[in-house]
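Trainee: Kindly produce the complete structure, drawing on both the sequences and the hints.
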Amino acid sequence: MTARVGVVTFPGSLDDHDARRAVRLAGGLPVPLWHADADLRGVDAVVLPGGFSYGDYLRCGAIARFAPVMTELIPAARAGLPVLGICNGFQVLCEAHLLPGALTRNAGLRFVTRDIQIRVENAQTSWTSQYAAGQELTVVLKSGEGAYVADEATLADLAARGQVLVRYAGGNPNGSASDIAGVVNEAGNVAGLMPHPEHAVDALTGPSADGLGFFTSVLRAVVAA
Amino acid sequence: MSTDVAAQARAGQQAVPQDTVSVAAATPDRSQPYAALGLTAAEYRKIAELLGRRPTDAELAIYSVMWSEHCSYKSSRRHLRQFAEKAPPTDALLAGIGDNAGVVDIGQGYAVTFKIESHNHPSYVEPFQGAATGVGGIVRDILAMGARPVAVMDALRFGPADAPDTRRVLPGVVGGISFYGNCLGLPNIGGELAFDPCYAGNPLINALCVGVLRHADLKRAVATGTGNQVILFGSRTGPDGIGGASVLASASFGASASTGGRGEGAKRPSVQVGDPFMEKLLVECCLELYAADLVVGIQDLGAAGVACATTELAAGGKSGMTVRLDAVPLRDASLGPAEILMSESQERMMAIVTPADASRFLAICARWEVPAMVIGEVTDTGRLEMTWHGERVVDIPPGTAADDGPVYDRPARRPDGQDALAADDPARLARPSGPARGTGLRATLLALLAAPDAADKTWVTEQYDRYVRGDTVLAMPHDAGVIRVDEATGLGVALATDGNGRYCLLDPYAGTQLALAEAYRNVAATGARPLAVTNCLNFGSPEDPAVMWQFTEAVRGLADGCLALGVPVTGGNVSFYNQTGADAIQPTPVIGVLGVHDDVRRRLSSAFGQSEASLMLLGETRTELGGSLWARVQHGHLGGRPPAVDLAAEQALAQVLVTAAGRGLLAAAHDLSDGGLGAALAESCLAGGVGATVTLPGDDFTFLFSESASRALVAVVPGREASFTTLCAEAGVPAATIGTTGGSTLEVAGSFSVSLEELGRAHRGTLPALFG
Chain A
1 MTARVGVVTF
11 PGSLDDHDAR
21 RAVRLAGGLP
31 VPLWHADADL
41 RGVDAVVLPG
51 GFSYGDYLRC
61 GAIARFAPVM
71 TELIPAARAG
81 LPVLGICNGF
91 QVLCEAHLLP
101 GALTRNAGLR
111 FVTRDIQIRV
121 ENAQTSWTSQ
131 YAAGQELTVV
141 LKSGEGAYVA
151 DEATLADLAA
161 RGQVLVRYAG
171 GNPNGSASDI
181 AGVVNEAGNV
191 AGLMPHPEHA
201 VDALTGPSAD
211 GLGFFTSVLR
221 AVVAA
Chain B
1001 MSTDVAAQAR
1011 AGQQAVPQDT
1021 VSVAAATPDR
1031 SQPYAALGLT
1041 AAEYRKIAEL
1051 LGRRPTDAEL
1061 AIYSVMWSEH
1071 CSYKSSRRHL
1081 RQFAEKAPPT
1091 DALLAGIGDN
1101 AGVVDIGQGY
1111 AVTFKIESHN
1121 HPSYVEPFQG
1131 AATGVGGIVR
1141 DILAMGARPV
1151 AVMDALRFGP
1161 ADAPDTRRVL
1171 PGVVGGISFY
1181 GNCLGLPNIG
1191 GELAFDPCYA
1201 GNPLINALCV
1211 GVLRHADLKR
1221 AVATGTGNQV
1231 ILFGSRTGPD
1241 GIGGASVLAS
1251 ASFGASASTG
1261 GRGEGAKRPS
1271 VQVGDPFMEK
1281 LLVECCLELY
1291 AADLVVGIQD
1301 LGAAGVACAT
1311 TELAAGGKSG
1321 MTVRLDAVPL
1331 RDASLGPAEI
1341 LMSESQERMM
1351 AIVTPADASR
1361 FLAICARWEV
1371 PAMVIGEVTD
1381 TGRLEMTWHG
1391 ERVVDIPPGT
1401 AADDGPVYDR
1411 PARRPDGQDA
1421 LAADDPARLA
1431 RPSGPARGTG
1441 LRATLLALLA
1451 APDAADKTWV
1461 TEQYDRYVRG
1471 DTVLAMPHDA
1481 GVIRVDEATG
1491 LGVALATDGN
1501 GRYCLLDPYA
1511 GTQLALAEAY
1521 RNVAATGARP
1531 LAVTNCLNFG
1541 SPEDPAVMWQ
1551 FTEAVRGLAD
1561 GCLALGVPVT
1571 GGNVSFYNQT
1581 GADAIQPTPV
1591 IGVLGVHDDV
1601 RRRLSSAFGQ
1611 SEASLMLLGE
1621 TRTELGGSLW
1631 ARVQHGHLGG
1641 RPPAVDLAAE
1651 QALAQVLVTA
1661 AGRGLLAAAH
1671 DLSDGGLGAA
1681 LAESCLAGGV
1691 GATVTLPGDD
1701 FTFLFSESAS
1711 RALVAVVPGR
1721 EASFTTLCAE
1731 AGVPAATIGT
1741 TGGSTLEVAG
1751 SFSVSLEELG
1761 RAHRGTLPAL
1771 FG
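These protein sequence lines map, in sequence, to chains A and B.
Reminder that position 140 of the first sequence reads as 140 in the numbering used here, one-by-one numbering, no gaps.
Each position in the second sequence, counted from 1, maps to that position plus 1000 in the numbering used here.
For the record, the hints were derived by calculation from the structure and aren't laboratory data.
Remember, it's a predicted structure, so these values are computed and weren't measured experimentally.
Treat the hints loosely; a few may be bogus.
Unchecked claim - Short derived list, chain B residues pointing at chain A, Cβ under 7 Å:
hint: 1; residue: C1183
hint: 2; residue: G1185
hint: 3; residue: F1277
hint: 4; residue: R1324
hint: 5; residue: E1462
hint: 6; residue: Q1463
hint: 7; residue: Y1467
hint: 8; residue: V1468
As the list claims (entries may be wrong) - For each label pair, taking beta carbons as the anchor points, the in silico distance ranges come out as:
hint: 9; chain 1: A; residue 1: R41; chain 2: B; residue 2: R1077; range: 54 to 64 Å
hint: 10; chain 1: B; residue 1: A1366; chain 2: A; residue 2: G80; range: 30 to 40 Å
hint: 11; chain 1: B; residue 1: A1363; chain 2: A; residue 2: S208; range: 37 to 47 Å
hint: 12; chain 1: B; residue 1: P1088; chain 2: A; residue 2: D37; range: 48 to 58 Å
hint: 13; chain 1: A; residue 1: Y57; chain 2: B; residue 2: A1582; range: 39 to 49 Å
hint: 14; chain 1: B; residue 1: A1333; chain 2: A; residue 2: P75; range: 39 to 49 Å
hint: 15; chain 1: A; residue 1: E186; chain 2: B; residue 2: R1367; range: 29 to 39 Å
hint: 16; chain 1: B; residue 1: A1333; chain 2: A; residue 2: P68; range: 26 to 36 Å
hint: 17; chain 1: A; residue 1: R78; chain 2: B; residue 2: A1363; range: 33 to 43 Å
Claimed, not checked - Some chain B residues close to chain A (C-beta under 7 Å, calculated; not the full set):
hint: 18; residue: K1280
hint: 19; residue: L1281
hint: 20; residue: D1465
For each residue, glycine too, the CB sits at the ideal point set by N, CA and C.
Mentor: Structural data, given as structure tokens:
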């Protein structure tokens, strides 16, 4: 059975095309999901892709969280469906309170596109099992509001419970608290990443193929479940 | 702008009767503000002659924008004909000059459309929105051809890098491009960044877009089929940018472009405001409409808005059209017919749709939450007729506005100082010499690499998304941007833009050919076969005979060059009036060349990525320093002759690069241009993080800094040196082995050595130090 991974398209989603390609290259079947349909089409996992949903008007991700598709996605995620939010998708997951914290403007106040190193901190989640803890990956960062923030207590909890998924290694590009580049919920099925693994699935078009592991990880998790 | 017409139109809604066709016929002597709208008395008389009466206010609005320099090309048109007259024989062109953008066959059933356009004047008035809407406008041009836009590039020129006003304009422009392009989801794959005092009041913001389509998907801007519906869709129409085409890009720019509040006769912003989110929806919506085959004809709304789209569609279809201007969805209910016609509100398109398909068309727009409205119908009358609440306010033959604008043969005269400029040879300038010669050459190289024109551009390019859509194979800082078109076969395209105002000032004919040759060489350096050309011709006032001479020489040079290289001009854009007072910018034609990769996996980058590769210098190096980066940076000098043009040598070099890339003989290739071999070596070392040791085959100063054209630096795959040398010999391309890659320094034997760390500091520090 080929795992079916849904990729949601909101108005203003941009990297949905890339996320579907990454799912395909990892060996899964990408399933397009439409924001206005409260229907997950029976998928085994969901990616909320990067972009500027609703033009980032009001606040990044703040409008997308109310989309009809989210009314299905939020309870499914709480019930264990693997969900990965990348960049704008991460912002949507924070706005939907599926993940703690928030993303704010980069410390330099400018959009930053850069090939960066991240370090896998927790390799026992639905999205990182194909990596080893401590492994460093080269992926793409491209965001204007990528600085992760949370209060001190939340940051301490995240560290204590293994909810820091990945950290920036070799320099913090945007002022994120504790160098956090991605977090995961306590159950390990809902993950948010500010960098883009889907842009690092082929050395021809990205800085490496290091990002493919996030997608192969979830395929394995789905088959095992 | 201060449009009395606009004020009258607004007032007219309340009290004064609308200026209808019958009112116009009955009041032949009423005075009209044609001069404030940028028309001359003779042009105004010609309109009256064409119509057999004075125009209505709404008709005057149409003619004023359609006959503006920006829309009508009235000063350039007779010269631009050369691009067609001298076009090289080609069967690659599916659509050409006159369409929204040229369309080129790249094989496997795919076609590519690309075009570059200026947004110079708006970007000086309001850098952020001016540059943002420049991106939006060119993207809609590409979309209107039936293509999916796949990448953008920007050629930017500013005043001195350290001037206070540059710190206002440059960050705003870059921020605007970043905001719009990133939010729209198009990778930005390259372009140019240059500085010169001549651009201080006249920055050049040239935006290029490239799109991909299947041959069968090609769309045309034609209104055909009597009874077909005219649908306006996208953003609602507002009061922004009214008269932008006639005011901003006209001689009266300085006097009229101020902004102000609302109210009777108030001046309004002539720069439009962009909404990239709506543009993204519009792109996806259009592509779905095309896929469902619901579009008979389509036109984007850019300069001159509804006036331009309706007249061009009707003229293109050799048909007529009725339009209900009161049906246009508005953001500001107080707008009158003349304002609606001239508004340059962004993110709008106009389509011609059969009555049977109209409801499906509107349903797709609704799915993408794009406002859409049927505002008229195609007729067979040959007249463009518009009504405002039932009253006829426009009744014209559309071709008179779209095609029959005035054509001027402006006087051109070679400037008096041209000979003196050519005689001021840089040979007299001091060069490093004596015992400290090596140290001097080293310092010169570091100074050139740190000069704002040649410095690392990461500060700018890092603000652009180059990865979105996942098909970017090469982007800055490489010689050309490369985009994959077909994932299965690896078919792709390469694009480069180049311009050099210094060369063009010294000799506009040769300088334009050098810009063409450099873009052609840049594309070939990635291994792509150059195929077609677009251009953005940035000049001062055409009313100045010296500027007109520069323009005619540049056009002649480009047409002759394209013929010699066998690459047709597919379209382009002219931007005049880039001048402050009597001071025109340097003539700055920016040339874009498109090439094809049969398989992008064979592309070459400019980075030295491996050690122990032989370095070879291709082409002939002469002492050519006129207009060079060295003369400018080290001596503030601009004079003499630009490098000699040899287009046959250029073609042979490109053939070698393309063939070698296809056969896998090369590890890297970098074209030689500004800063010569010295700059190229340093850039390739820094891009790949691998050093090099070279022994120069002659005078080291000349070999390092001369800017002779038709040259490239290549790193040969170890073991393939003999094959490559044979290839060069067969093509008649001079090739000299000058060293090898490796280590962490750039060493010029017998002269100097410099660590990559020090080179990098010089190269990368400049823009962050200037712009924060």
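Trainee: Does each hint fit the structure? Answer for all of them.
Mentor: Against the structure, the hints come out as follows:
1. C1183: 5 Å, holds
2. G1185: 3 Å, holds
3. F1277: Hint on B:F1277: holds, closest Cβ of chain A at ~3 Å, below 7 Å.
4. R1324: 29 Å, violated
5. E1462: 5 Å, holds
6. Q1463: 5 Å, holds
7. Y1467: At about 4 Å, which falls below the 7 Å cut-off, the nearest Cβ of chain A leaves the hint on B:Y1467 intact, so it holds.
8. V1468: 5 Å, holds
9. A:R41 x B:R1077: 54 to 64 Å: The hinted range 54 to 64 Å holds for A:R41 and B:R1077, with Cβ atoms some 55 Å apart.
10. B:A1366 x A:G80: 30 to 40 Å: 36 Å, holds
11. B:A1363 x A:S208: 37 to 47 Å: The hint (37 to 47 Å, Cβ to Cβ) holds, given that B:A1363 and A:S208 are roughly 43 Å apart.
12. B:P1088 x A:D37: 48 to 58 Å: 52 Å, holds
13. A:Y57 x B:A1582: 39 to 49 Å: 46 Å, holds
14. B:A1333 x A:P75: 39 to 49 Å: 44 Å, holds
15. A:E186 x B:R1367: 29 to 39 Å: 38 Å, holds
16. B:A1333 x A:P68: 26 to 36 Å: Once the Cβ atoms are compared, 32 Å apart, the range 26 to 36 Å for A:P68 and B:A1333 holds.
17. A:R78 x B:A1363: 33 to 43 Å: Given a distance of about 35 Å, which is inside 33 to 43 Å, the answer is holds.
18. K1280: 6 Å, holds
19. L1281: The hint holds - B:L1281 has a Cβ within 7 Å of chain A, the shortest such distance being about 6 Å.
20. D1465: 5 Å, holds
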